[in-house]
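**Student:** This is what each chain is made of:
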Amino acid sequence: MTLNNVWVFAQGSNGTITSFTAELLTKARSLTDNVSAFVAGDGSALADALGKYGAKKVYSTGDLGGRLVGVAAANAMKAMIDGGDKPDAILFPQNYDGRDTIARLSVKLGVTVLTNSIDIAVNGNEVVATTPIFGGNVLFATAFTGAGPHLASFRPKSFAAEEIGGGAAQVVAVSVPDGGATASAKVTATHVEETSGPKLDEANIVVSGGRGLGESQNFAMVEELAKLLHGAPGASRAIVDAGWVPYSYQVGQTGKVVKPSVYIAAGISGATQHMVGMKGSKNIIAINKDKEAPIFAVADLGIVGDVHKVLPKLIEALKARG
Amino acid sequence: MKGMKIVVCVKQIPDPATPGSLDSATNALKRDGKLILDDSDAYGVEMALQLATAAGGGEVSIVSMAPNNETSGMRTALAMGAVRGVLVSDPALAGSDALTTAKVLAAAVHKVGMPDLVIAATESTDGYTGTVPEQIAEVLGLPSVTFAKKVKVEGGVLKIDRQTEAGYDEVECPLPALVSVTAGVVEPRYPSFKGIMDAKKKEIVTVTAADLGVSPVGWSGAGQKVSSVTQAEARKAGQVIEDDGEAFNKIVAFLETLKVI
Numbered sequence: 050m051t052l053n054n055v056w057v058f059a060q061g062s063n064g065t066i067t068s069f070t071a072e073l074l075t076k077a078r079s080l081t082d083n084v085s086a087f088v089a090g091d092g093s094a095l096a097d098a099l100g101k102y103g104a105k106k107v108y109s110t111g112d113l114g115g116r117l118v119g120v121a122a123a124n125a126m127k128a129m130i131d132g133g134d135k136p137d138a139i140l141f142p143q144n145y146d147g148r149d150t151i152a153r154l155s156v157k158l159g160v161t162v163l164t165n166s167i168d169i170a171v172n173g174n175e176v177v178a179t180t181p182i183f184g185g186n187v188l189f190a191t192a193f194t195g196a197g198p199h200l201a202s203f204r205p206k207s208f209a210a211e212e213i214g215g216g217a218a219q220v221v222a223v224s225v226p227d228g229g230a231t232a233s234a235k236v237t238a239t240h241v242e243e244t245s246g247p248k249l250d251e252a253n254i255v256v257s258g259g260r261g262l263g264e265s266q267n268f269a270m271v272e273e274l275a276k277l278l279h280g281a282p283g284a285s286r287a288i289v290d291a292g293w294v295p296y297s298y299q300v301g302q303t304g305k306v307v308k309p310s311v312y313i314a315a316g317i318s319g320a321t322q323h324m325v326g327m328k329g330s331k332n333i334i335a336i337n338k339d340k341e342a343p344i345f346a347v348a349d350l351g352i353v354g355d356v357h358k359v360l361p362k363l364i365e366a367l368k369a370r371g
Numbered sequence: 270m271k272g273m274k275i276v277v278c279v280k281q282i283p284d285p286a287t288p289g290s291l292d293s294a295t296n297a298l299k300r301d302g303k304l305i306l307d308d309s310d311a312y313g314v315e316m317a318l319q320l321a322t323a324a325g326g327g328e329v330s331i332v333s334m335a336p337n338n339e340t341s342g343m344r345t346a347l348a349m350g351a352v353r354g355v356l357v358s359d360p361a362l363a364g365s366d367a368l369t370t371a372k373v374l375a376a377a378v379h380k381v382g383m384p385d386l387v388i389a390a391t392e393s394t395d396g397y398t399g400t401v402p403e404q405i406a407e408v409l410g411l412p413s414v415t416f417a418k419k420v421k422v423e424g425g426v427l428k429i430d431r432q433t434e435a436g437y438d439e440v441e442c443p444l445p446a447l448v449s450v451t452a453g454v455v456e457p458r459y460p461s462f463k464g465i466m467d468a469k470k471k472e473i474v475t476v477t478a479a480d481l482g483v484s485p486v487g488w489s490g491a492g493q494k495v496s497s498v499t500q501a502e503a504r505k506a507g508q509v510i511e512d513d514g515e516a517f518n519k520i521v522a523f524l525e526t527l528k529v530i
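Chains A and B, in that order, give the protein sequences. Using this note's numbering, the final residue of the first sequence is 371, and nothing's skipped along the way. Using this note's numbering, the final residue of the second sequence is 530, and nothing's skipped along the way.
Bear in mind the hints are in silico, worked out from the structure with no lab data behind them. Heads up, the beta-carbon is just placed ideally off N, CA and C, and yes, glycines get one too. A hint or two may mislead.
[Stated by the list, open to error] DEER-style ranges, computed between Cβ atoms: (1) A:79 - B:521: 38 to 44 Å; (2) A:194 - B:515: 57 to 63 Å; (3) A:213 - B:341: 53 to 59 Å; (4) B:297 - A:239: 49 to 55 Å; (5) A:194 - B:434: 29 to 35 Å; (6) B:472 - A:171: 25 to 31 Å.
[Claimed, not checked] Computed footprint of chain A on chain B; a stretch qualifies when at least three of its residues, placed anywhere within it, have a C-beta under 8 Å from a C-beta of chain A: (7) 348-357; (8) 397-409.
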């Protein structure tokens, strides 16, 4: 079994592709020379950037005019596949539009999906995707058994992005068939939430807070420490669900995956759902009053103590250094 | 609009507080003990109840797929205020992939009667494939808005704030439709004592995949099989110290060795 033709669901804006897209293209290149990007939007603006990471072609739907990506992209892909342009595998990012598209397409093609993957490989006559489960303690490898195209989605930062320096990808315009009732949802306005400092999933230092902070206003300590360290504040699902901070702060299985140089977990016990999102950090510092907390099993430095006492002193000490 | 029919897809899962384990024969996630309502689904049930109230009445039903005729999680949703449920429970369903699960749940929605709105969580806490809601929408031929963090209905049209990487989009969508809601979208109510007592009398219809006309299902219907299960390389624990009032200095020293301060 070989994969001779692999597509990547690619994203970007203003001529720049997302780091996630670069990661998936790098992986696709290791599977085959014949890599194409699919862009639900204006793919021609991204042709140079996609080519640098090895895409030979970019399928471009053009501006979607407010239609949601999932239905439009899946309909366009289905029409291409029905028309005979059929890839062996399509790699998707595990994010909002990637998930919508892979789900819609799987029903249209009648094929399975393997999601939350961190790797894909050809193993003898099988194509196998690997997913970490139980907080990353167990690696679960699943083989596709049906006919292709094989649909898989990946966690961010599963692969290290590497440029190959290729020329601009050849732009191929693709049409989006009418989706009827399924395509009747429309975006009427777009809001960008301004954040200061580095982005959570790109920061070199991340300071996250959890339920151990006790009350929502104590999250200010996490933000202050993050700012002092020129890092980004993050949060456990527990305090996002409790409404203390927006969903965009969430680190974990259902939130962002972070791999900073230093991850400081303050008042976070280390539920499986959280660990999946931060275990890849180079150095982990944990502060928790429960010495049995699972977070200590992955921490390079663990402080069994009260975050309300440790954090203020730490903040003062860092301020004193100027 | 007057009155709204809503179906919420709910999952009953092993208590997330207890460590998960795999069946030694099949490598499937063990789900044979007592199951509870997935926390993620409490938000969908609450959202449905609030939308029905805002619409001046209506009816919230639930559908679920679970082994061993398990209904304890569904009873929680009924105690919150849902009026009836359809449970698909069938040994033949063991090993089903997300696509089959979506087909089964879509058929269960039809069994209840096609509603104005189908609500689901963005993903389950135990399996978290994360595609089932959108797959259900496609099977039912419905438009969908996923990752909703705010939902209201005005003049028969859904108005939704949908989570995006950069912030959120305002999305409008006609009914009927499917919406997947993020955790924290509303504050789920605690079932009252009366609600819990009433829930015991509410109807849960139990059906098989064959009753719903969905086949093939289970391992044979899945387009995937387990290839291998291995232990990941474990991260080693480092130094753990009790705070004596000076532990912050250890953190400062550690940050210095890492050259980040």
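**Student:** Hint by hint, work out which the structure violates, then give me just those numbers in ascending order.
**Tutor:** Hints 4, 6, 7 not satisfied by this model.
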